[in-house]
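Using the sequences plus the hints, can you model the full thing?
Each chain is listed here by its residues.
Protein chains: 4
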Amino acid sequence: MQNSAILLITCPDQKGIINAITNFIFNNDGNIIDLEQHVDNSINMFFMRVEWELENFQISKEKFDETFQVNIAESYQMDWKIFYSSSTPKMALFVSQHQHCFYEVMSEYQSNSWKVDIPLVISNHLTLKGFTESLNIPFHHFEINNDNKKEQENLQLQLLKSHQIDFIVLARYMQILSKDFTTQYPNNIINIHHSFLPAFPGAKPYHSAFERGVKIIGATSHYVSEELDGGPIIDHDISYVSHNDNIQSLIRKGKNIEKLVLSRAIWKHLSRKVLVFKNKTVVFE
Amino acid sequence: MQNSAILLITCPDQKGIINAITNFIFNNDGNIIDLEQHVDNSINMFFMRVEWELENFQISKEKFDETFQVNIAESYQMDWKIFYSSSTPKMALFVSQHQHCFYEVMSEYQSNSWKVDIPLVISNHLTLKGFTESLNIPFHHFEINNDNKKEQENLQLQLLKSHQIDFIVLARYMQILSKDFTTQYPNNIINIHHSFLPAFPGAKPYHSAFERGVKIIGATSHYVSEELDGGPIIDHDISYVSHNDNIQSLIRKGKNIEKLVLSRAIWKHLSRKVLVFKNKTVVFE
Amino acid sequence: MQNSAILLITCPDQKGIINAITNFIFNNDGNIIDLEQHVDNSINMFFMRVEWELENFQISKEKFDETFQVNIAESYQMDWKIFYSSSTPKMALFVSQHQHCFYEVMSEYQSNSWKVDIPLVISNHLTLKGFTESLNIPFHHFEINNDNKKEQENLQLQLLKSHQIDFIVLARYMQILSKDFTTQYPNNIINIHHSFLPAFPGAKPYHSAFERGVKIIGATSHYVSEELDGGPIIDHDISYVSHNDNIQSLIRKGKNIEKLVLSRAIWKHLSRKVLVFKNKTVVFE
Amino acid sequence: MQNSAILLITCPDQKGIINAITNFIFNNDGNIIDLEQHVDNSINMFFMRVEWELENFQISKEKFDETFQVNIAESYQMDWKIFYSSSTPKMALFVSQHQHCFYEVMSEYQSNSWKVDIPLVISNHLTLKGFTESLNIPFHHFEINNDNKKEQENLQLQLLKSHQIDFIVLARYMQILSKDFTTQYPNNIINIHHSFLPAFPGAKPYHSAFERGVKIIGATSHYVSEELDGGPIIDHDISYVSHNDNIQSLIRKGKNIEKLVLSRAIWKHLSRKVLVFKNKTVVFE
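Chains as they are written, first to last, in the working numbering: chain A, 1 to 285; chain B, 1 to 285; chain C, 1 to 285; chain D, 1 to 285.
By construction, these hints were calculated from the structure, which means they are not laboratory data.
Be aware that a few hints might be false.
One copy or any two copies: either way a pair holds, since identical chains are not told apart in the list.
[Said to hold, decoys possible] Derived lysine-lysine pairs resembling PhoX-like cross-links, with alpha carbons at most 25 Å apart:
1. LYS115 x LYS129
2. LYS253 x LYS280
3. LYS204 x LYS253
4. LYS15 x LYS81
5. LYS15 x LYS273
6. LYS215 x LYS253
7. LYS268 x LYS253
8. LYS161 x LYS149
9. LYS268 x LYS81
10. LYS90 x LYS253
11. LYS81 x LYS280
12. LYS115 x LYS253
13. LYS278 x LYS215
14. LYS215 x LYS204
15. LYS179 x LYS149
16. LYS215 x LYS273
17. LYS90 x LYS63
18. LYS278 x LYS204
19. LYS268 x LYS215
20. LYS81 x LYS161
21. LYS90 x LYS150
22. LYS61 x LYS15
So, in C-alpha cells, the structure goes:
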C-alpha cells in the first residue's frame, strides 16, 4: 500500500493554478503519482485531484493545512480537502429488507477489496440482523414511523457521531431522511435509486417503467441532498429490457444494476475521485 | 428473397389461440418459418407475429382477408394485419437541417439494406436539397411558421397521399406535427427524440442533461402520438458520458445514438416486428 | 407459483412441427402460456420451448413420456426433455478462494430469487467454509493436486450422485475438471470464464487483456465441454476499460461482470430457457 | 476556435516531469487549458497531453521545437510531438465496396464536425466513385491483384506524398497493405476490423462469430502495424446478439458498430488524444 496524500481542489479558473500546485509539491520533495484536472468553462471553475507520495515530503500532516492554506489556497480562493492513505474511512451502512445491495457491500468488505471500516449496520427491519452479526458487525434496529421519526433520527445521529462515521451508504434503505439528518453529512450520504434519474424519481420506479413501456431500465447512485432523488449524480448504468419483462423481472434485472452502481459509487468515493460542485459531480477516472 | 406472408395479431388472451392459427396455416398448406407470441398478463392480452411461406399456400391474397376474418379472427376478437413480402413499403422522410440521421437513412437505402421505397424527402429547410437530388429523390421544401402551419401540413398530406406513403420517418425534423396530421398515420410516424425518454422530453434535452449532470445520455425512437414525446417507445440506446463532456460534445456523441436508434426502429418497423397496444409496443426479435 | 410443464424440443426442421405440438397440448386440455421457437436455417434444425398449465391437462406425469414419444416425438425425430415447475432442481456449487461469485449465488439463494436447492458446496480451499456453514449448507473440502485428482474427482462424483445433483456451477473453481468428470454432466456444468471468449481462453485472461491493450474486458458463462473454455456459450457481458486500468483494476472491474454473467446463466438454466445443439446454445428470452 | 498548441509526451517516469512542463509553459505565458497524464507503472513510462492557449505565449512556432528540446525534452529523454490547432490535418480515405463506413465519414466531413481535409479517396473498386465525386472529392481507382500490388502501392504512396497526407483511414478497405506501405505511416493508418479483437482476427469474422455461437459481436479500430489485425487498439464497441442472428443479421448489426468505432477513432486521432507506445495506446478523455 502506498503512503500517499490526495488533495482535492475546487476554485475559480485562472492561469497558473496547476503550476502553483505542482511547484508546491515538487519543491517540498513530493513525488506526484496521479494528477487529474478539469475546467468547466460554462461556470469558469477549476477542479483538481492530485496524489503524491509522502516519503521524503517535507511538510508534516500537522503543518500541511496551514502551510497550504497560506501559501497557495488563499490566493486562488480554493476550496480544498486533503486525505491521507494511511487513515481508513468509517462507513455506516443503512439497510432495510432488500438483501442484494447489502450482500454486495459485504462481499467487497469481507474480501478486503475496499479500504474501509464498517463499524455498524442500521436498519428499520430485522431481516438482515442475523447475517450482519455473523460477520461480527453490530446491528442496530431503529423502527421508524411517522410519530417517532425525528426522535429515531436523533438517536441514529448520536450513534454515528459516537463511531466517528465519515460517510453513510443507503443500501436500499427505504426511508427518506429528514433535512435535519442529511445536512449533517453533506455529500457524504450515498444513495442508490432504482431508476435512471431524472426518469422515474420517487417510489416504485419499476412500476412506472413498465407502465411507460421503456426498453431500458437503470439505476443511479447519488449524494443525498434536500431534494428527493435530486442530489449530485455519481454514476448510473442500464440494462436492456423488452416487452417480455413484467414488473417482477424488471425488479430482478434491476437488482443487478443497483448493486453494481452502488458498489462503483462507494469505490469512487473511497478513492477520493468525486468532487461535488453545486448539484453536479466531477468523477475522475 | 422469400415469398412470405406476415400476420400480426392482437387479441384478448384465451386458450387455444396459437393452436387455431397454426392449424389454419398448416391446413392451408402454409409452412411457418417464424412464430413469436407474447402474453401481457397485466392486461390479459395476446400478441403474435407469424410468418409463413406462400408457396403452396391455398388461400390467395384476394381471399385471405375475408377467410381469416370469418374463420378465425372473429371468434377471438382479433385485431390483425397482414403484410406480404412481395410488396415494398413506401416511406416519406422528413428532415430539417441536421444531417446525421438523413445520412444514416440514405446509407441504408442506397446500399439496399432495407426493402423500402423513398419516393420523396420533405424539409422545412433547403440544407439537404442538393444531396437528396443527387440521389435522384425528389425534395419538397415546405417553409413552416406559426401562420402557415395548418396550410402547409395540408399540402404535405396531399403530397403523401398522392404518393401512397405507408409511413413517415422524422429524421430530426424540428417541427411538431399537429394532431390533425398525426392522426392520419397512427403508429406509422417514427420519430427520433434526442434523449432517453421519459427523461428530458421537449426541446434541448442535451442542455438539460448537462444541467442535471447525468453520466449517461440516450436517444429514443417512438411512434408519434398526440402527446409530445409521449408515444409508444420502439427502441432506445445510451452512451456513457462524464464531467468532461460539455453541451457540444454531448450533442456530438448523441448524434451517433440518435441515428443508430432511428435506423434500428425503421428496420423493426419494416420487418413488421412491432405491434402497438395503447401506449406500448411489443417488439419481437 | 404456476403449476406448469416445460417442453424443450430439438429436431430437424420440417413443415407442421409447431402445429403438431400445439395440437397435442390443446387436445389434451393444456393451456399454453409461453411458446418460443427458432429455426437455424444453416443446419436446418428446429428448436422449441413451450410451457403450459397442468391444471386440466389430461396426461399425467407418469404417462407423458411414453405418450408424447409415441404420438409426436418419433415421427419428427425429436430430441426432447420435459420439466415440471413442481420439482426443484438440485445444484452443487464448486468454489475455490474467490468470494465474489460465491456471494452472488448465495445472495440470490438466500433471498429465494431462484427456485433451486443447494445441498452442498465443494471447494479445494477452506476460505469459504465458515460463511457456507453459517448458512447451514454443508461444506466439503477436497484438496486437489496432480497425484490425487482422479481419486478426489471420483469421491466428488459419489457425493454428487448421493445428493441427486442435477447440475453443477463452477463459481470460479480454479481446477480443470477431467473428461471423466465432465461427461457425467453433459450441458449441466456451468462455468464462468473471466474473459470475453473466444478471446483470452485459459489462465490469467486479465493479464493477457492488459498486455494486448484492449479497451473492453468481458466474462463468459458456458457449459463445460471437453475442450477447455470451448463449450457452448450461454451469455457474456463486457465492461469498458482504459489505459488507466492496470491488472488489479481489470480484475476488480471484471469481478462485477463475472458474477453478473454467471448469475444470469444460472437463471436461464433454471428457467429451462437454454437448449444446446452441438457447440452452440439457443437461449430463449 | 481556440488558437492553441497540443504537446504529446512519452518518457521514462521520474519525479518532477509535470512540474517541469507546467513551469515551462507558465513561464512563457501560456495558459494551460487541458492537461492529462498517465503513468504506466508496469513499464515505468510517463505519458502526457497538455494543451495551452497561444495568445501571449512567448515562443514562436519556429523556435518552439529547439527551445523545448534543449530546455526540457533532452533531460527527461522525452519522445514528443507538438500540434497546432491552426493547421488542418490531411486525411486520405481508402474504401472498397462497402458503403457504411464511407457514408459515416462523409456525413461527419460534410457537416464540418471534424477539423480535417480529405483531398482524395482511393479505392480498388468503382462502387463509390459517383458519390465521392458528387461531393467534389477526387476519386482514384487502383485495381489491385497479386501481380500488381507492389506497383500499385507505390503509385498510391506517390499520390499520398504529393497531397502531403498526414494520416490514412481504411474504411473497410478490403486489401492488406504491405509492410513497405505501412511503415511509411507508422501509427497514422487507422483501420476498422469487424470483430472484437483479439477474437476473430483475419477474414470473415462474422462467419466465425456465428460458428462459435457468441452472444456479443464487436468491432475494433486500431493503428495498422506489421502484424495483421495486431496493431495498437484505439477503441472498440459491441452489440448484443442472439441465436436469432444469422450471418446476414450479424453483418447488418455489425455495420453500425464498425462505423461508430471508426468514427470515434478518427475523432480521437484528430483531437490528438491518442499516444502509442509499443503495441498499446493511451487514449485520453
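Task: Indices of hints not satisfied (ascending) - done: Every hint satisfied by this model.
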